[in-house]
Structures are given as structure tokens and as C-alpha cells.
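Number of protein chains: 2
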Amino acid sequence: MAVRRYLVLATIFGLVGGVLTQEDWAAQLRGEMDPARIEEFLRILTEKPHMAGTQGGYELAEYVRQTWEDQGLDSARIAPYDVLLSYPHPDSPSYVALLDESGNEMFRSSVAGEPQLDVDPPFNISGVPPPFAAYSPSGVVEGNLVYVNYARTSDFDLLKSRGISVEGKIAIARYGKTSRGRKLRRAQDRGAIGMIVYSDPKEVVGTGSGKTKKYPDGWYAPGTAVQRGHYLYGVGEGEPLTPGYPATDYAYRIDQSDSDQLPTIPVHVIGYTDAMELLRHMGGPLVPSSWQGLLDIDYRFGPEMEGPASKVRLDVNVETEVRTVHNVVGIIRGREEPDRYVILGNHRDAWTFGGVDPNSGTACLLEITRVLGEMMRRGWRPRRTLMFVSWDAEEHGMHGSYEWIEEFGKIMSDRAVAYLNVDNAVRDDYTLRARATPSLKPLLKEAAKMVPWPTSTQDGNTLYEVWSKRSPQTSASDSPPKISLPAGASDYVPFVRRVGVPILDLAMVHRYTITYPNFPLYHTTYETFHLQKTYIDPHFKFHRLMSQLWGEVALSLAESWILPIDVSEYAGTVQEMYNWLDNWYRDKFEGSAISLDALQSAVANFTQAAMMIEDELSSMENNTDPLVARMYNDQLMQMERAFIDPQGILYQKFYRHTILSSGLWDTETFPALGDAVRRMGSDWTDPGKEDKLKEVKQELSIITFFIQSAANILAKPASTVF
Amino acid sequence: MAVRRYLVLATIFGLVGGVLTQEDWAAQLRGEMDPARIEEFLRILTEKPHMAGTQGGYELAEYVRQTWEDQGLDSARIAPYDVLLSYPHPDSPSYVALLDESGNEMFRSSVAGEPQLDVDPPFNISGVPPPFAAYSPSGVVEGNLVYVNYARTSDFDLLKSRGISVEGKIAIARYGKTSRGRKLRRAQDRGAIGMIVYSDPKEVVGTGSGKTKKYPDGWYAPGTAVQRGHYLYGVGEGEPLTPGYPATDYAYRIDQSDSDQLPTIPVHVIGYTDAMELLRHMGGPLVPSSWQGLLDIDYRFGPEMEGPASKVRLDVNVETEVRTVHNVVGIIRGREEPDRYVILGNHRDAWTFGGVDPNSGTACLLEITRVLGEMMRRGWRPRRTLMFVSWDAEEHGMHGSYEWIEEFGKIMSDRAVAYLNVDNAVRDDYTLRARATPSLKPLLKEAAKMVPWPTSTQDGNTLYEVWSKRSPQTSASDSPPKISLPAGASDYVPFVRRVGVPILDLAMVHRYTITYPNFPLYHTTYETFHLQKTYIDPHFKFHRLMSQLWGEVALSLAESWILPIDVSEYAGTVQEMYNWLDNWYRDKFEGSAISLDALQSAVANFTQAAMMIEDELSSMENNTDPLVARMYNDQLMQMERAFIDPQGILYQKFYRHTILSSGLWDTETFPALGDAVRRMGSDWTDPGKEDKLKEVKQELSIITFFIQSAANILAKPASTVF
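Just so you know, the protein sequences line up as chains A and B, in that order. If you use numbering that gives the first Met the number 0, the first sequence corresponds to residues 0 to 721, in order. If you use numbering that gives the first Met the number 0, the second sequence corresponds to residues 0 to 721, in order.
In short, the hints are calculated from the structure, not lab data. A portion of the hints provided could be inaccurate.
One copy or two, either will do: identical chains are not told apart, so a pair holds if it fits within one copy or between any two.
Each computed EDC-like pair below joins lysine to aspartate or glutamate, with the alpha-carbon atoms no more than 16 Å apart [unchecked claim]: (1) 212 to 141; (2) 532 to 254; (3) 532 to 119; (4) 587 to 682.
Please take these sequences and the hints and turn them into a complete structure.
So this is what it looks like as C-alpha cells:
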């Protein structure tokens with residue numbers, strides 16, 4: 000599909016003799032990406048800490064704006080919002096302490112933040128705020144510890160089956176598997192009085208062969224490194240005080256006590272050196288092997304403490320405050336269709352220096368705009384508008400992008416072709432990790448074929464080849480690469496879940512994405528330029544690769560005559576979601592006399608409509624009427640919007656995408672219906688579940704409707720679907 | 000504005016020598032409208048009763064579909080929905096009775112429906128279901144009567160000030176001033192056990208000179224005539240069992256007990272002959288003069304009864320049932336922009352014969368399609384698609400149009416240019432009553448200038464002239480005609496309040512629209528072809544006038560190069576809404592330290608953006624690039640959508656238009672903010688009103704945001720608003 004559309008475009012541009020084709024321009028963009036410049040951008044971006052709402056954050060916003068202006072974009076502007084942020088108390092550090100039977104402190108966790116470590120060239124980390132759990136309430140609690148593993152629902156279920164409760168206790172969890180906010184909410188809902196979250200070596204220390212050293216000698220985490228992060232529960236509300244509306248200067252703000260995103264029990268974060276001191280003083284039964292980390296201790300459930308320790312004190316001093324954050328928006332105005340927007344975005348704020356997260360992405364973005372600026376001076380201008388956005392306050396909960404979408408969501412629904420996100424551009428050099436709305440998957444694969452792999456490997460010469468080998472979708476030898484649906488959390492979330500804008504999210508990652516969902520030094524002070532330059536991408540070749548891929552996709556979307564949005568691929572995904580449901584739950588539905596026929600029909604109708612429009616598009620090669628192309632493109636663009644339910648999905652009213660919002664459970668089907676069937680458990684005949692069964696019926700009806708709506712959008716306009 | 004755009008179009012078409020211009024086609028459409036054919040359509044349409052969900056209703060749907068097919072539209076299709084309807088019990092009629100002190104019935108209201116009356120030619124009304132209050136629960140209640148005037152909030156306030164309560168009583172109200180559903184809800188909320196609603200002669204009998212006779216000798220209501228109607232509370236939910244989603248065959252339906260639209264106390268409707276029997280037996284103090292109707296009795300509050308009457312029995316037998324209703328959709332596919340829809344709609348279902356409501360409109364619609372079909376045979380085809388919709392179940396609560404919008408709202412948001420509604424086309428021959436979204440007002444005025452007034456009058460020769468004279472906006476001698484905002488209730492409501500589609504609603508009416516908000520025989524059995532032919536529009540000239548006006552507007556929207564959507568007029572309306580607030584409430588806002596500055600700025604920004612795009616459009620006269628025109632037209636179209644809040648407005652979540660939804664109070668400002676300031680009462684300093692004051696602040700912030708959003712949509716695409 001995407002290939003054909005590239006060719007169509009080439010033909011049209013080729014008609015004009017002597018003029019550069021879109022392929023020529025795309026080759027210029029790929030060819031002129033310069034690793035040395037990317038390195039220099041990253042060095043500047045990571046000089047100082049730049050948390051959202053700080054002076055360092057603002058200065059970097061101004062740097063990006065000025066850079067875009069200097070590079071020659073048509074405009075570059077700072078778009079501010081006033082959002083609720085969270086910071087450690089400047090004078091009273093948070094800590095965890097072990098108390099003996101007299102209530103004296105036997106041990107206190109580090110309060111100064113990660114220690115300075117010698118690196119070459121030397122680098123002063125003293126400006127970094129100490130680790131904290133953002134949005135924790137302040138307070139002091141004392142109690143026994145219960146180890147809750149990853150604090151998943153299944154972990155609490157196991158505790159319950161063992162007769163162990165966190166009620167009145169302090170829960171201690173390791174990072175991984177589930178979001179911070181959900182870990183905390185589960186402990187809070189079960190009556191815990193506080194929570195401690197730590198990084199276990201299991202998740203942050205290398206155990207295999209090869210590079211296993213710890214920072215400052217390698218990529219892995221020393222025991223003093225602490226993962227920061229926000230603990231909002233957030234299911235799509237955006238900034239906590241202005242749910243559903245932009246946090247402008249005139250915005251009405253709810254009281255913090257009325258927000259159901261903010262936690263109510265204190266929480267603190269520590270590294271594994273400190274965690275070990277707590278864990279080794281815990282009593283109670285031994286945990287099962289799947290709960291054990293890699294500390295050299297016996298992991299126990301608690302809540303008893305081993306003498307001389309008697310209990311734990313959690314003293315948290317974290318403040319919330321409304322401050323101004325600064326998105327930066329740069330624009331290259333489209334020549335033929337200025338009102339169609341292809342948006343490239345990356346956040347800029349970092350918990351510390353952002354050597355990986357997010358400024359490896361920012362450096363790539365600035366290199367793309369640099370080359371595009373050069374191309375503009377040579378006469379190039381895209382068919383559609385290119386927008387570049389440097390988001391603020393992503394780390395605090397994607398506030399920059401959420402508020403922008405809350406302000407401009409209607410316009411984006413009308414005009415956005417796609418949103419292309421890169422957060423951590425380069426975490427490692429092994430393979431590409433990609434998320435995409437189904438319709439953009441073919442385009443991404445085509446683009447990856449255009450990008451050379453920058454080092455010598457038997458796995459292939461192009462990104463596509465190496466990626467396919469290292470991250471195959473299936474075990475077949477010729478498997479295409481795996482591309483996930485947009486779960487997770489970065490600035491693409493409001494685009495896809497609120498508005499239904501097709502998205503991509505790209506990162507170069509390490510081998511073991513399951514063991515290390517992020518990377519060991521994620522959100523620690525040691526996420527420095529030194530880390531990137533010394534251990535991840537010394538020659539910035541993988542930064543260049545990411546810039547090339549990102550730019551290639553963007554250019555294709557901005558230039559193609561017919562948009563490279565693949566509706567058949569989308570239909571395939573919807574069919575798979577149906578198949579999963581049918582496979583796992585058909586007997587339950589039948590047992591409850593609920594028919595899946597209407598849903599099955601809607602999926603078939605959508606598939607049929609997708610095939611029909613693809614057929615028509617394949618006859619468009621010789622049609623040069625821009626209004627006809629525009630009408631088809633509008634259908635392709637609006638197809639994704641058809642899945643948006645303004646009422647939101649079940650129990651998550653600010654997630655509006657009925658196909659691509661994540662459910663509260665992790666199912667491989669339609670999110671709200673998947674949640675509803677999970678809530679039914681295994682016995683659907685229990686009369687006590689009547690209300691839950693109604694939800695199943697309702698969600699079945701709703702998803703059927705939205706899939707049919709997408710079919711209707713693809714049907715020939717003014718046809719008899721009405 | 001509209002004039003200029005007409006000219007632009009003429010120029011472009013004029014380039015093609017010998018081809019008919021749009022003016023030529025428009026003249027054909029106006030010129031070929033035939034009163035005799037309209038009369039014949041109406042005669043057929045009103046032959047039998049055709050309530051929604053009945054055989055008569057279905058047969059008429061099929062008639063309309065077949066007619067459109069025969070006339071040569073590109074397609075004509077029945078679009079069914081399964082909706083909750085309400086009917087009188089076939090065997091147990093509802094009635095009201097007066098009981099004496101022994102509990103014996105002294106008097107029972109008519110149960111057979113309105114009596115057959117002699118008309119020429121004779122006409123059998125025996126198939127008409129008896130009068131009933133649709134959606135009333137069935138039940139028998141007995142109690143004393145309280146007269147509640149029009150059952151407005153102010154009426155209940157007066158009762159309360161007199162120490163009179165409806166609690167445990169049966170309320171009796173006269174029709175007028177406020178909707179049926181709200182009358183009933185207010186009585187229900189105040190503890191009434193039942194309600195009786197009647198038509199007082201004050202509202203349905205002529206008192207002046209001229210034609211004052213009652214049917215069958217004239218236009219006014221005899222005492223046996225009863226106004227039917229639905230008693231749903233409904234604030235935009237659509238059909239009661241599928242709020243927010245279309246009532247398809249696979250739709251999930253909530254339990255009736257979970258609907259907050261359905262009334263919980265029985266209600267019945269009667270004419271003034273029966274009402275007099277009840278009212279003259281009421282005791283208690285005399286009502287004030289403003290509460291008195293024109294029956295020759297003393298109107299009293301109750302609740303005492305005058306002997307020998309002791310109380311009233313209300314015996315209601317009304318059933319609800321899900322049945323299939325049938326919209327009919329006809330399409331003339333656009334030649335250049337088939338994906339832009341100009342929609343003409345009218346409902347088809349009637350409580351009885353529909354001689355006025357709604358089939359005077361249906362007859363006009365069928366005449367428009369007849370002429371357009373002829374024009375198609377001569378080679379005409381519009382630039383944009385024309386859609387014609389014959390709605391079902393409007394009388395039961397606009398179910399046909401609501402469900403259609405619930406099914407196709409997303410597509411309409413993308414593609415609908417305007418929705419043009421005519422319900423009762425001709426109630427009388429005095430003047431035009433028009434409602435419109437602000438942006439369509441100038442177009443409507445221009446169109447009215449093209450339509451000749453069909454009778455001789457000193458007030459003018461065109462519809463525009465007579466309308467301006469008889470319904471002036473101001474008292475100035477050269478005042479333009481008055482056009483109201485889209486309050487009220489007909490099938491345009493879901494278009495404007497759910498989706499933000501610009502709308503018109505047109506009717507020819509009588510002189511005294513205040514005294515007679517509808518017309519005397521509205522929803523009675525006597526709303527026959529005889530009524531229309533003998534007393535309203537004997538020569539169907541005013542039907543022709545309505546067809547001409549409706550067709551002229553539609554053609555202009557379907558053909559104009561730049562859409563005749565006037566954004567400056569819209570800005571003027573928003574400014575007036577601001578001014579009203581500023582005028583009446585600035586001191587209250589200031590007293591509560593709430594600034595109106597942001598709202599004032601947003602209004603100014605919107606006005607400025609409207610002026611700027613109008614300026615650009617005026618330079619479009621020589622631009623023949625269809626893609627450029629399309630981009631401007633998209634902005635004009637989407638401007639109205641900017642006002643749509645997916646979360647809905649305060650306390651009315653299914654009304655989503657922040658400017659044009661009606662508030663619960665009748666204020667001349669932004670509906671939700673207007674409601675919020677009304678809830679504050681006169682003393683804003685009362686600390687008990689803190690929560691209400693928060694609502695004021697929140698609504699101020701919300702409306703400011705949406706007005707600014709509309710300004711952003713009108714700003715040059717890819718400009719620095721982001």
C-alpha cells in the first residue's frame with residue numbers, strides 16, 4: 000500500500016521536468032542528518048536539570064524556540080499552560096527509616112539524592128533535586144511492612160490468599176510490570192497507610208554476559224540510583240485540576256481534594272541499597288520464587304519485623320503547586336494543503352538531565368528541523384503543514400500534551416493527519432521498539448526499508464532487515480517486525496485516545512524489553528550525556544538512524560498525494576480483536592444468550608468497506624484532481640475518528656477511543672468490552688452478576704456501533720448508508 | 000455577504016458560455032413549484048392517521064420513498080430504528096371523573112376522542128386513537144385538584160407563597176408557555192399524584208374580529224378538541240432507552256425504570272368542555288387575573304372542592320412499547336463535492352392526520368424534490384449533495400432525527416453544511432416565523448427577497464418585504480425581519496445541539512404568535528386536509544411560497560462556491576450574549592471578584608477572526624482553485640462545531656452546543672452560564688451558595704474556552720494560534 004502511494008507521488012512530481020521529486024527531497028533529508036550535530040544538540044540539552052516548571056525547564060524551552068527560529072521554520076512559539084506540578088520540599092527531605100523497639104532510628108535512607116560519581120569529563124550533578132514520588136501527599140506514617148511484589152492486582156490476590164493484608168501497614172513494592180499510579184492506588188484502596196517503591200536489581204542490574212557494569216562504568220544501575228516518577232492515578236483526565244479543559248490562565252480549577260487522580264497516602268522511592276536494609280529486616284513467611292528479586296536476602300511477606308527492627312517510618316515532604324509549563328510549537332506551513340497537519344512531538348522536560356529520556360529524542364527532532372530548514376532555503380516546502388512540538392511536563396503526567404489537545408483537540412480532529420512521537424529516542428542500540436495505530440504500520444515498515452543500519456551486522460543492511468530479525472512479529476524466518484498497538488504512556492496518548500489521531504511511537508532499545516521495560520538508569524540522576532556518549536551511542540549513529548526514520552515517515556505523510564493510511568490493516572486489527580473475543584468468550588456469550596452476530600457483521604462490513612476504498616484508491620494513480628484526492632484523504636483521516644465516543648469508555652470517561660484506549664485489564668480485544676468480560680470472572684451464571692452482565696451487553700452494543708460507524712465513513716459519500 | 004457569494008458563483012458558471020447559470024436553475028426551481036401538486040401531495044398524506052409505529056405510519060413512509068424514487072432521486076431508502084413509543088390502551092380508555100361524597104362518578108370526561116363533525120367533502124375520523132398523554136404511566140389516582148396555571152416554576156412559586164401545595168393532589172394545568180414534559184416534571188417533583196392538562200379558550204379560541212369561528216366552521220378549537228403530545232422530560236437524550244447511542248436492532252436498551260425521561264405520575268389531557276366541569280367544581284381562593292382563562296367560571300386555586308363534588312379520579316391507561324419507526328432518506332449526489340451534505344428535513348408522523356403538523360411541510364418537500372428531479376432530467380446536478388429526510392416519531396420526542404444523528408453524528412460533523420427544517424409549513428398566512436443559527440440568517444434574508452408574496456398586500460411584493468413589515472426585528476420603520484435562535488423543539492434540535500450543524504426552521508404562521516404558540520387545533524383530530532384547504536391556504540399559494548423559500552436556501556448552500564455561512568453575524572450574536580451578561584450581572588461578578596476580562600477578550604478575538612476571514616473571502620472572487628475554496632469552506636463549516644463540548648452543558652449532558660443549547664432558564668446569554676447565574680439568585684454573597692458560585696466560575700471558564708476555540712478555527716490554518 001504505502002509503496003504504491005510513494006510511486007504515485009513520484010509520477011506526479013516527475014511530470015515536471017527538472018524539478019526535484021519527493022524522493023529526491025526525502026533522500027536529502029536522510030542523507031544530511033549529521034551525528035556530530037545531534038551530539039552537540041544533546042550536549043546542550045543535558046547541561047542542566049530541567050524539570051517542568053523550573054528555571055532550567057524554561058531556559059531549555061527558549062533554547063528550542065530560538066533554535067527553530069534560527070533554523071528557518073515559518074514560526075516558533077511558546078505555548079504555556081498553568082498546571083499542577085509536584086516537587087520535593089526544598090528543606091525537608093523525604094526518607095524511610097527503620098525504627099527499633101524504642102522508636103529510635105536504626106537506619107535512614109539516603110536523603111541527599113544520588114551521590115556524585117566520577118565521570119570523564121567531570122560533570123557536576125549537585126543541582127538535581129533529590130528523588131521523590133511526585134504528587135505524594137506529605138505526612139509521616141509508621142507501621143510494619145508488607146512486601147507486595149509488583150503491586151499488581153494478582154499480587155494482592157496472592158497476599159489475600161495467604162491471609163496477609165496491607166491494611167494499616169506500609170506496602171513495599173518493586174518497580175516494574177505496572178504503572179506507579181496503579182501500584183499506589185491498589186495499596187491505597189486496600190487500606191495501606193503508606194507505600195515504598197524501589198528498584199530491585201532484578202530489574203536494573205545486568206546478569207548475563209557482555210556489558211553488565213554499573214554506572215559510572217556501564218549502563219546498569221548502582222544501588223544508590225533511584226527512579227523518580229509521578230504517582231497520579233490518571234486515566235486520561237490530563238492535568239489534575241482542569242479535567243477535560245485546557246489549563247489556560249483563565250481556567251477554572253477544581254479543588255485538589257476533588258481530584259480523584261491525586262493519591263491520599265504518602266509514598267516514597269528508593270534504590271536497592273536502601274531497600275535491602277528494609278527488606279532484610281522483614282519477617283513473616285518466605286515469598287514464592289516468582290516474587291523474589293536479586294538482592295542477597297530472603298524475601299519475606301511481612302508484616303512482622305525481624306528484631307531489633309520494630310517498624311518503619313515513612314516521612315514524606317512533597318509539595319504541589321500550580322506553575323507555568325512551556326510547550327514549544329514550530330511550524331512549516333504546507334504549500335497546497337496548509338490545513339492538514341503532520342505533527343512530530345517529543346517532550347523536553349526531564350526528572351534530571353534527560354540524557355536518554357527524553358532529550359535523545361529532542362536532539363533528533365532538532366536535527367530534523369535543521370535539515371528541513373536547509374531544504375526550505377533550497378526551495379522545498381511540503382504539500383501539507385509540518386508541526387513540531389516540544390512538550391513540557393510529560394514526566395508529571397503528560398500535562399503539556401494533554402492540555403494542548405484539550406485546547407486544540409477540535410482542530411486536530413479536523414486537520415491532523417498523524418502524530419509521530421519519539422520520547423526516549425535511543426535507550427540502546429539493539430533494535431527498534433515501535434507502537435502504532437494499525438493504519439500507520441505499513442508506512443512505518445516502508446520507511447524503515449529506506450533507513451540504513453549504521454553498523455555492520457549479519458542481521459541486515461537496513462533498519463527494516465535488522466528490526467525484522469531482532470524483533471520479529473512471529474517465529475517464521477521471514478517474519479515482518481513486531482509493531483505494538485499504542486499502550487504505554489507518552490505524549491501520543493491524548494492524540495490517539497482523546498481525538499483519534501493516528502500515531503507512531505518509536506525508540507531504539509536493548510534486547511530484553513521484557514525484563515527492562517524501560518532501562519536501568521531511567522529517571523535517575525545518572526541519566527546523563529556521559530551515559531549516552533559513553534555507553535549507549537558513542538558515535539550518535541543510532542540517533543541519526545532515529546532521525547532518518549522519523550523524518551522519512553513525516554515526509555511521506557506530508558507529501559503523499561493519497562495519504563499512506565492503511566485502512567485494511569486497521570480492519571485486520573479489528574478482526575483480530577474480534578477473534579480473540581470469539582475464541583476465549585464465545586461459550587460464555589452463548590451461555591448467557593448473547594449473540595455476537597451483530598459485532599461479527601460490523602467487523603465484516605468494516606473490512607468490506609476498507610477493501611472497497613482501497614480498490615478505488617488503486618485506480619487513483621492517474622487522477623490528478625486535487626479535490627478528488629482531498630475527499631479520499633478526508634475519508635482516510637476521519638476513519639480513525641469514527642472510533643471516538645464522546646462519552647468515553649466504561650469507567651474511563653476521558654479515554655474516548657473505543658478500539659485503542661487501554662482497558663483497565665490487559666486484554667487483546669476491544670478495551671471496554673474486554674474489561675466488562677473480565678469483570679464477569681469465570682461464572683457468568685451467578686445471578687449476583689446481573690449488573691455486570693448488563694455492562695457486557697451494553698459494551699457489546701457500543702463497540703458494534705463504532706465499528707459500523709467506521710465502515711460508514713469509508714463508504715462512498717452520499718451513498719445509501721444513511 | 001450572501002449576495003456577494005451568489006455573484007461569485009454566477010461569474011464562475013458564467014465562464015462557460017451557453018451553460019445555465021446557478022441563477023437560471025434557481026429560477027427554474029422557484030418558478031416550477033405548483034400549488035395544485037402540493038395540494039395533491041397533502042391530500043394523500045392526510046388520508047389516514049399515521050402515528051409513529053402504526054401501519055398508517057409505515058404506509059406513508061413507503062409512499063414517500065416510492066415518490067422519491069419515481070421523481071428520480073439518486074437513492075431513496077427507509078432507515079428504521081426500534082424506539083420506545085407510547086399508545087393509548089386499545090380497550091381501556093383514559094378519563095378524568097368527578098366523584099361525589101359517596102365516591103360515585105358525577106361526571107366523566109370524553110373517552111371516545113373528538114366527535115365526528117360534518118365537513119364538506121365528508122371525512123371519516125373514526126380511525127383516530129383517542130387523546131392521551133404519551134408516556135404517562137398507567138394508574139388510577141384520586142384526590143383534590145390544585146390549579147397550577149401554566150405549571151411554570153413561577154406558577155408553583157406563587158402557589159407556595161399562598162401556602163398551597165400540590166403534594167398528594169392532582170394538579171390541573173392549562174397548555175401554553177412551557178413544554179408538556181416540564182409542566183409534568185414540576186408537578187411530579189412537588190409531590191403531585193397525577194396531572195391533568197387542558198386547552199383553555201384563552202389559548203385556542205379567537206376573540207378579536209375577523210375569522211374567529213371554531214372548527215368545522217373555522218380555524219379555532221371547539222371545546223371537544225384535545226391537544227395530544229408526549230410528556231417525556233427529555234433534555235437531549237433522544238429515545239429514552241438508548242441515550243447517546245442509536246436505537247438499532249442490536250442496541251442495548253436500559254430498563255424503563257432507569258430512564259429519567261419517563262414520568263412517574265399519571266397524566267391525562269382534555270379539552271375545555273371537559274375541563275370546565277372540573278374547574279367549576281373547584282373551591283379555594285380566587286386566582287389572580289393573570290391566571291384566569293376565558294371559561295365563564297371563577298378560576299380557583301383549590302384544593303377544596305365545591306359540593307356536591309368531593310374529589311377527582313384520574314384513570315390512565317397508556318402503554319409503552321418498542322416498535323420500529325421509519326425515517327426515509329433521499330439523496331441527490333453532488334457532482335463536485337459529493338461529501339458535503341445540505342439536508343432538508345421534515346417529520347412525517349402525526350398524532351392524527353397531520354393537515355398542518357407536519358404534512359404541510361411534507362407536501363412542500365415532495366414538491367421540491369419533484370422539481371429537482373425534473374431539473375436532473377435536464378442535466379442539472381448540484382455541486383454538493385442534497386439530502387432529504389422524512390423523519391418518523393418526532394411527535395413522540397424527535398426520536399427519528401435523534402437516533403439518526405446518534406448513528407451518523409460523526410459523519411454529519413465532518414460533512415453536513417446545514418440542516419434546513421420545516422415542520423408545520425403553513426399554520427396560517429400572515430407572516431414567516433424563522434429560527435436560525437446566526438450564520439445562516441443573512442442567507443435566509445437574501446433568499447426571502449427572491450420569493451414573491453403570493454397575494455396582494457400593501458406590505459410588499461416579496462416575502463422579505465412582507466415579513467419585515469409584519470415581524471420586524473425592531474420598531475424602526477426599515478427594520479429587517481426578526482429571526483430567532485433555535486430554541487423550541489423539532490428535528491433540527493439534535494443537529495444543532497449535538498453536532499453543531501447550522502440550521503434553519505421555517506413556518507408560515509398567524510399574527511398572534513405569543514397568544515398562540517402553536518395554533519388552536521394543534522395535535523387534535525381536527526388537524527385535517529379540510530382545515531388546511533378551507534381555512535388556512537385554500538389555493539396552496541403559501542405552501543408554494545414555503546417550497547420556494549426552502550428550495551432557494553438549499554440551492555444556494557449546495558451550489559455556492561464559497562458557502563453562504565456568515566461568521567461575522569455569528570460573532571455579533573455572541574457579542575450580544577456577552578452584552579446581556581455584562582449588562583445584567585457585571586456588578587454581581589465584580590462583587591464576587593470574578594473577572595469577565597477573559598470572556599470579553601475571547602469574544603473580541605472571535606469577532607476579529609471573523610472579520611479577517613471575511614476580508615480574505617472577499618478577495619476570493621477571482622480565485623477558481625477548488626482546493627482553496629474547499630479549505631475556506633471547511634473553516635466556515637467547522638466554526639459552528641467549535642462550540643460543541645463533548646461533555647455537554649451543565650445539567651444537560653446531551654446538549655453539547657455551548658452557545659445554542661437552551662438553558663433550563665430562559666436567558667438571553669450563554670445557556671449554561673446563564674443558568675448558573677440564575678441559580679445564584681439575587682444575593683451572591685450568601686456563603687451557602689459557595690458551590691453554586693463555583694459553577695458560575697466554571698461555566699465562565701468553559702464558555703470563554705469555546706468562544707476562543709471558534710476564533711482559532713477561523714484563524715489562518717498553520718498560524719501561530721497553537
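Here is how each hint holds up against the structure:
| no. | hint | in the structure |
| --- | --- | --- |
| 1 | 212 to 141 | neither (36 Å within a copy, 88 Å between copies) |
| 2 | 532 to 254 | neither (45 Å within a copy, 64 Å between copies) |
| 3 | 532 to 119 | within (11 Å within a copy, 98 Å between copies) |
| 4 | 587 to 682 | within (8 Å within a copy, 59 Å between copies) |
Violated hints for the displayed structure, listed by number in ascending order: 1, 2.
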